[in-house]
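Visitor: Sequence:
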Amino acid sequence: MKNRFKSKFGFRNFTFGRRLGIQSESGQAIIEMAVILPVAIGLLIGIAEIGRYANESILVSHAARAGVQYAVQNRVTASSDAQTIQAAKNDAPSLTTMTVTPSHFCTCADGTSSTCQGSDCSGSRIIEYVKVDTQVEMPSMFAYPGFPKSFTVRGEKIMRVSQ
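Counting in our numbering, the sequence shown runs from 4 upward without gaps.
Simulated from the structure, these hints should not be mistaken for lab results.
The C-beta atom is built at its ideal place from N, Cα and C for all residues, glycine as well.
Mixed in with the good hints, there may be bad ones.
To be verified - Each computed SDA-like pair below joins lysine to any residue, with the alpha-carbon atoms no more than 20 Å apart:
1. 92 / 80
2. 152 / 99
3. 134 / 152
4. 134 / 79
5. 152 / 98
6. 134 / 107
7. 152 / 55
8. 92 / 50
9. 134 / 50
10. 134 / 111
11. 134 / 161
12. 152 / 72
13. 134 / 83
14. 92 / 138
15. 92 / 82
16. 92 / 72
17. 152 / 141
18. 134 / 45
19. 152 / 65
20. 92 / 159
21. 134 / 157
22. 152 / 79
23. 134 / 102
24. 152 / 138
25. 134 / 159
26. 134 / 80
27. 152 / 78
28. 92 / 117
29. 92 / 157
30. 134 / 117
31. 134 / 165
Stated by the list, open to error - Simulated DEER-style distance windows between Cβ atoms:
32. 122 / 97: 42 to 50 Å
33. 100 / 31: 29 to 37 Å
34. 86 / 140: 22 to 30 Å
35. 127 / 77: 17 to 25 Å
36. 154 / 106: 22 to 30 Å
Let the hints inform the model, and build the full structure from the sequences given.
Guide: Here it is as structure tokens:
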């Protein structure tokens, strides 16, 4: 009867684990948690950073669009850089450090280049465009080794001035 509880090595099964130094499996869960938890926290922080970057990108892009939409109403508003900048900044009031840079360029209706002077396009008309560039520095929430401490988010919109 005693052989029924013995393994082929000649000792009982319940003592087999103790002879190898395995006392219980309760420490295994703690070790797994210690390995998995930093990875999971890193992923959550990364997801939050990506979400912040996406939000800033949308705000900067919409601000550029608002500035260019103001500027292309007519030739008078197209030449008013200060009001174009203010229209872009009004669209994104939470971005206090955003820089807005409006610029103008022209082409002739026949496809040739123009300097926006009335005498440039002989035989065709001048087509004026406004371009608004927006930019903001977004600081990172946490300092990661090997990653930048801030990211530059840019927006750009170009539209034709109504004539």
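Visitor: Now look at each hint and say whether the structure bears it out.
Guide: Tested hints:
1. The hinted pair formed by residue 92 and residue 80 meets the criterion: a straight-line CA distance of about 16 Å does not exceed 20 Å.
2. For the suggested pair residue 152 and residue 99, the alpha carbons sit about 19 Å apart, so the restraint of at most 20 Å is met.
3. At roughly 29 Å between alpha-carbon atoms, residue 134 and residue 152 are farther apart than 20 Å, so this suggested pair is violated.
4. Of the supplied pair hints, the one linking residue 134 and residue 79 holds, its CA atoms being roughly 15 Å apart against a limit of 20 Å.
5. Only pairs whose Cα atoms come within 20 Å are accepted, and residue 152 paired with residue 98 is accepted, the gap being roughly 18 Å.
6. Among the hinted pairs, residue 134 with residue 107 is consistent with the structure: their alpha-carbon atoms are about 6 Å apart, no more than 20 Å.
7. Of the supplied pair hints, the one linking residue 152 and residue 55 holds, its CA atoms being roughly 14 Å apart against a limit of 20 Å.
8. Straight-line distance between C-alpha atoms of residue 92 and residue 50 comes to about 28 Å, which puts the hinted pair past the 20 Å bound.
9. Only pairs whose Cα atoms come within 20 Å are accepted, and residue 134 paired with residue 50 is rejected, the gap being roughly 33 Å.
10. Taking the CA atoms of residue 134 and residue 111, the gap is about 17 Å. The hint holds against a cut of 20 Å.
11. Of the supplied pair hints, the one linking residue 134 and residue 161 holds, its CA atoms being roughly 4 Å apart against a limit of 20 Å.
12. With a C-alpha separation of about 33 Å, the suggested pair residue 152 and residue 72 falls outside the 20 Å cut-off, and the hint is violated.
13. This hinted pair checks out: residue 134 and residue 83 have alpha carbons roughly 13 Å apart, not beyond 20 Å.
14. Taking the CA atoms of residue 92 and residue 138, the gap is about 11 Å. The hint holds against a cut of 20 Å.
15. Our distance criterion of 20 Å between C-alpha atoms is met by residue 92 and residue 82, whose separation comes to about 17 Å.
16. At most 20 Å may separate the alpha-carbon atoms for a hinted pair to count; residue 92 and residue 72 meet this at roughly 13 Å.
17. Note on residue 152 and residue 141: the hinted pairing holds, with a Cα-Cα distance of about 9 Å set against a maximum of 20 Å.
18. With a C-alpha separation of about 39 Å, the suggested pair residue 134 and residue 45 falls outside the 20 Å cut-off, and the hint is violated.
19. The suggested pairing of residue 152 with residue 65 is violated, with an alpha-carbon distance near 25 Å, which exceeds 20 Å.
20. Restraint check: the Cα-Cα separation between residue 92 and residue 159 comes to about 14 Å, which is no more than 20 Å; the hinted pair holds.
21. A C-alpha spacing of about 13 Å is found between residue 134 and residue 157, which places the hinted pair at or below 20 Å, so the restraint holds.
22. Only pairs whose Cα atoms come within 20 Å are accepted, and residue 152 paired with residue 79 is rejected, the gap being roughly 41 Å.
23. For the given pair, residue 134 sits about 14 Å from residue 102 by alpha-carbon distance, which is consistent with the 20 Å threshold.
24. For a cut-off of 20 Å, the pair hint linking residue 152 to residue 138 stands: about 17 Å separates their Cα positions.
25. Taken as a hint, the residue 134 and residue 159 pair is honoured in the structure, with Cα atoms around 7 Å apart against an allowance of 20 Å.
26. With a CA separation close to 13 Å, the supplied pair residue 134 and residue 80 stays within the 20 Å bound.
27. With a CA separation close to 42 Å, the supplied pair residue 152 and residue 78 exceeds the 20 Å bound.
28. A C-alpha spacing of about 30 Å is found between residue 92 and residue 117, which places the hinted pair above 20 Å, so the restraint is violated.
29. Distance check on the hinted pair: residue 92 and residue 157 sit about 14 Å apart at the alpha-carbon level, within 20 Å; holds.
30. Distance check on the hinted pair: residue 134 and residue 117 sit about 16 Å apart at the alpha-carbon level, within 20 Å; holds.
31. Restraint check for residue 134 and residue 165: satisfied, since their Cα atoms lie roughly 14 Å apart, inside the 20 Å limit.
32. One distance hint, 42 to 50 Å for the beta-carbon pair residue 122 and residue 97, holds here, with the actual separation near 45 Å.
33. The beta-carbon spacing between residue 100 and residue 31, approximately 50 Å, falls outside the hinted interval of 29 to 37 Å.
34. Between residue 86 and residue 140, the C-beta spacing of about 25 Å keeps the proposed range 22 to 30 Å intact.
35. A hinted range of 17 to 25 Å for the beta carbons of residue 127 and residue 77 is consistent with their spacing of about 20 Å.
36. The hinted range of 22 to 30 Å is satisfied by residue 154 and residue 106, whose Cβ atoms lie roughly 24 Å apart.
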